[in-house]
Amino acid sequence: MHPKSLLIATIALLMAGPGPAFAAGGHGHGQAHAHDTAAIGRPAAVSAARRTIRVEMHDNHFTPDTLRVKAGETIRFVVTNKGDFLHEFSLGTAAMHAEHQKTMAVMMEHGMLTPTGIDAERMKMDHSAMPGMDHGVGHDHANGVLVEPGKTADFAWTFDKTVDLEFACNVPGHYEAGMVGTVVIGR
Amino acid sequence: MHREPHTLSRRAALRLAAAAGLAGVVTAHAGRHAFAAADRALDLAVERTRITIDGETTRAIAIGGSIPAPTLRWREGEEVVVRVTNRLDEPTSIHWHGLLLEGVMDGAPGFNGFAPIMPGETYTYRFVLRQAGTYWYHSHSAGQEQEGMYGAIVIEPAGRDPVRADRDHVVLLSDHTAEAPAAVLRKLRISEGYYNNGRRTLVDFFRDAERDGFSATLRDRLAWGKMRMDATDLADVTGYRFLVNGKGVRDHWTGLFRPGERVRLRIINGSAMSIFDVRIPGLAMTVVAADGQDVMPVRVDEFRIGVGETYDVIVLAREDRAYTVFAEPIDRSGYARATLAPREGMAGEIPEQRPRTVLTMADMGMDHGGMDHGDMDHGGSDHAAMGHGAHGAHGGSAGHADPAPARAVGWADAATPPGAKALAYDDLQSLTRTADLREPAHVIDLRLTGMMSRYVWTLNGRAFDDGEPIRVAYGDRVRIRFINTTMMAHPMHLHGMFMELENGRTGRLPRKHVVLVPPGRTLSVLVTANEPGEWPLHCHLLYHMASGMMARFVVEPRAARL
Amino acid sequence: MKIVMIALGLLVLAATPVRAAGPEHAERFHEELPILATLRVERLEHRRYDGANTVDWRLHGWIGDGTNKLWFDSEGHRTTDGDVEEAEVRLLYSRMVSEFWDVQAGVRHDLRPRPQTTYGVLGVRGTAPWFIETSAHAFVAEDGALSARLEAEHDLLITGSLVLQPSVEVNLSSRRVHEREIGRGVTDVELGLRLRYEFAREFAPYVGVVWERKLGQTADLARAHGEDAGNLSFVTGVRFWF
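Residue numbers (this note's numbering), protein chains in the order written: chain A, 1 to 187; chain B, 1 to 562; chain C, 1 to 242.
Do not rely on the hints blindly, as some may be mistaken.
What the hints assert, rightly or not - Just some of the chain C residues that point at chain B, by a computed CB distance under 10 Å: (1) 34; (2) 38; (3) 65; (4) 127; (5) 132; (6) 158; (7) 166; (8) 211; (9) 215.
Since the hints were made in silico from the structure, they are not lab data.
Source: prediction; values computed, not measured.
Idealized CB from N, CA, C, for every residue including glycine.
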């Protein structure tokens, strides 16, 4: 993994938390977070993956827009941003994405994210001042990555349940514009 | 002259063919295919009809048998042929609003060699679609557009649409009056304030005096009186019924969705005179295109749409319920209403109407001394002021419980509730990069001028018939500054080319065919003059254009410019 | 009569289109603004005095484009038993000189009282600041006598339809005119206050009071004839236009 991708992935960790934590002012968010992502599977080491799925990000859509996995399967996702803007690849239910979009909107407002990238400095400086943004950096259950234009990132995920899953970009407006796809979990 | 010989001879050929009874099978001229080779061919008749809106039947003019005219669904790259037959007893025309095409096909009488389509005549439009998106078409003759001659154009992109939706609805806003347009214009010219039913009265005076104090209120009234201006002059014409897709408030048009679907609404303001504030209580809207051109998605709760503008928005209607698309003209003299529902026969709740704003001295351009210092996004910032909660977007606050303020002050104030996000011009950012990054070769100042009390509307103080054309050289990059010296907003429309609005989004300026210039403000646009011909540049308020607010924007071949 | 001829000549000259030849017709935006015409009966009212009652009228009409108009005025009154005591008509060329002002020139002819009199007219008409509708005209009679009339009125909106209109009219004369019982100086003043209800913009009945007062020599003349110098009347009338 490239150092830059590592940074991106780390930041993704920061943000992967679903929204209720933020909205609730930071209380008990850790549990909520863990609980929510647990409902859709669990993060895995990239080395544990047997299969790799490559996804391209464009402005503003994914190719392909349907992914097929099997319950119990661990997948390494290699995500390349071929667009001009910052995009996210995030696994979750529609409700998780809706909550996550609120967090992303706040980060955009505070300049931690820009339409084209991540402001690493602001990420460090600002988030302590923001309720809900003070997750510890050691989350090991990333359910997605943020990828700057022209960059590639990867992560792995184990799908152990059959749920209605979407992979989505929650950068403000992108989900609504259709930057979302379906994860079909087979048996 | 560059193209005239060509276009005139073509026109002559068509006339000859028509005379010989061959209209429709003409194949003839160099560089063109036979009609049979066109990807799409369409016949549209323009004829008198009657339209019934909420039970009231009035005279109207239909294109293709309906009001609005049929939605034309085309694909980028196609060549289309449209044969328009005039069954009226007056000249007519059809203009393809926002489309890039050869001048004579633009359909503006008196420009690019296009002559009006005379009664009984058929004119054949033929052009290749060089763009995708939401546009519209309408008459460019007399007041015919007001009488029903408008329809939507939806062009699917040749490649993948950057926006994905499960449903696609056209939401065409218009204003309809039982009065003949000529009668409306006559009344405006004889008695400019004829239609203003909301002028401030003694009753208002005492109400304001109670709130602001007697002397402040008196000073305000005296200041307006001294200028012989009316702070309630937001719209010239009232008595309108406001329609969505030709349906009134009672008959309300319904667009269907299945809960959870991603619905694309192509909202077009095809009114003659009405600027609308649009919202869908309970649903956030993500603006994905403006004037047919893709923009970076912006999530908003409401937006203001000028006459001739279009916005494509996406809504995610998750619940199994009816929603109301609510569009109020800025003078709040009524509203247009449509329903989004999972089934026919449902009706969403109708929200309370927002208060009408009252103009201020700022709208008169009284406090903008520093306007001319390259402050190009001034108008946009002003727009931003209308969303008090521009920073409170929080990823969409649709359904916010905050009530709208009881009163609005200044043109830009839509009485947006705190916490709600209203679209500002500054939010618009093209999805594609600005292609032409050259500095403008020169600046064209276009003062939007008028004499309200006489109902005379002009550009740089000159009515169309008396004005000099604006001349630019082919290929030049120019800046046009719309300097609004009047107290009304003017949706300025350039035919033939997109204007790139200088809203601070350098490198991704939104491409617009109409820019709504607020009263007393200056907006600036960049244009690459890459479409030769003589293009109308005019205020899209029908009666402003009719009273002279138009200029000829001539893109001349370089050789001829010595 | 010479003045009349000159005035008519001016009128004809002025009404000649002055617009320079534009591009050929086919190249123009084909919708030309139509010539407008309107007729406004500003007052048609019954005045109830202490003594005899009268019917008074004041109307104007014009035809033209926004800039140049052929203007027609008429005003006068008749007693309720049918005698027209005063009747004047004016035919003017009216030209826009600014957003709010027209300059007017032409002729005035008084049909009553007899003998009939003809005047040359020069004046302005428009909207003064604070929306005061104003007109000021000077008249030159055939014998060279100068007179003038100033009128001003203002619409005060009580509600959108209920309008209170104060008005004032002042007449002046440069010399004494025996036939008309007019003295030198300010001859008379008329103050009006009318309350109208606009059922439509074009149609509004009204009630009001009018106070007329002859002044100076004119007042003396009136008194000499056994008339009152001042008169108060209650009016009911209608205002309409097309």
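> Quick one, is the residue 65 of chain C hint okay against chain B at 10 Å, beta carbons?
Replying inline: Since the shortest Cβ distance to chain B is 9 Å, the answer is holds.
> Taking 10 Å as the limit, does the beta-carbon of residue 38 of chain C come near enough to a beta-carbon in chain B?
Replying inline: 5 Å, holds
> Minimum Cβ distance from residue 158 of chain C to chain B below 10 Å?
Replying inline: 5 Å, holds
> Given residue 127 of chain C was flagged as interface, is its beta-carbon under 10 Å from a beta-carbon of chain B?
Replying inline: Cβ of residue 127 of chain C sits 6 Å from chain B, so the hint holds.
>> Quick check on the hint: residue 166 of chain C CB to chain B CB, less than 10 Å?
In response: Violated, because the Cβ-Cβ distance from residue 166 of chain C to chain B comes to roughly 13 Å (cut-off 10 Å).
> Given residue 34 of chain C was flagged as interface, is its beta-carbon under 10 Å from a beta-carbon of chain B?
Replying inline: 7 Å, holds
> Holds or violated: is there a CB of chain B closer than 10 Å to the CB of residue 215 of chain C?
Replying inline: 30 Å, violated
>> Hint residue 211 of chain C vs chain B: min CB-CB distance below 10 Å?
In response: With Cβ-Cβ at 23 Å, over 10 Å, it is violated.
>> A closest beta-carbon separation below 10 Å is what the hint needs, so does residue 132 of chain C meet it against chain B?
In response: 9 Å, holds
When each numbered hint is compared with the structure, violations occur for hints 7, 8, 9.
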